[in-house]
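Undergrad: The letter at position 107 of the sequence shown is residue 107 when you use full-length UniProt numbering, and the numbering goes up by one with no holes.
No lab work stands behind these hints, which were simulated from the structure alone.
Misleading hints may appear alongside valid ones.
Unchecked claim - Between beta-carbon pairs, the in silico distance windows are:
#1 56 / 3: 15 to 25 angstroms
#2 172 / 135: 50 to 60 angstroms
#3 110 / 150: 21 to 31 angstroms
#4 3 / 33: 29 to 39 angstroms
#5 105 / 37: 14 to 24 angstroms
#6 110 / 16: 17 to 27 angstroms
#7 6 / 105: 34 to 44 angstroms
#8 116 / 4: 22 to 32 angstroms
The beta-carbon is built from N, C-alpha and C at its ideal position, and this holds for glycine as well.
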Amino acid sequence: MTFIDRRDLGLLLLRLGTGGVLAAHGTQKLFGWFGGGGIEGTGAMMESVGYKPGKASAVAAGLVETGGGALLALGLATPAAGAAAAGGMAGAAAVHAPSGFFAQSGGYEYAAFLGLVPACLAITGPGRISLDHALGHLVNRDWMVPVAFAATAIGTMGVIAARNRHVRLAQAAPSEQEVKEGPFGEEPAGGAAAQGV
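I would like the entire structure built from these sequences, with the hints used as guidance.
TA: Below you can see the structure in the form of structure tokens.
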């Protein structure tokens, strides 16, 4: 008589729940499902928070969340799926970090937690109720964990650094209104005619 180990059942439920949430967020970005913005809307949002080009960033984030979430739920390629999902959530957390920790204030709490769980699953493995186990762990080897995290860390740090650079440049550039009005809020000498308007 066989029985399901409590640890394996717990890992299955954790994978299904976390993977399902990630995949749902990813399909919001890619297809506009569940009230999401799709590539157009998400791309505009990504651009506004410094991830440029916006549409490419939306596709990348959507693929990471949808693919990583689906793989986690299935328990397949768990080191790569968990590391990729954690990296994607690190990118989301970077946007929310200026608002502090707690989600109620717009902080990074939710994104951080949604990245921590896949990272933990990548380390612990998916359990025996998984495709990785059924396939003899072909894409779930111990050496794959540090490799997946290292590759994800390098990619994520590069993306976040580029985003931070875009944000700094946007903050440093004078707005169109400031240019029109001048540094002290007055219209430049000669008015609009002097500007050729």
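Undergrad: All hints, please: hold or fail.
TA: Consistency of the hints with the structure:
no., hint, result
1, 56 / 3: 15 to 25 angstroms, "violated, 48 angstroms"
2, 172 / 135: 50 to 60 angstroms, "holds, 51 angstroms"
3, 110 / 150: 21 to 31 angstroms, "holds, 26 angstroms"
4, 3 / 33: 29 to 39 angstroms, "holds, 37 angstroms"
5, 105 / 37: 14 to 24 angstroms, "holds, 23 angstroms"
6, 110 / 16: 17 to 27 angstroms, "holds, 19 angstroms"
7, 6 / 105: 34 to 44 angstroms, "holds, 37 angstroms"
8, 116 / 4: 22 to 32 angstroms, "holds, 25 angstroms"
In the structure shown, a violation is registered for the earlier hint numbered 1 alone.
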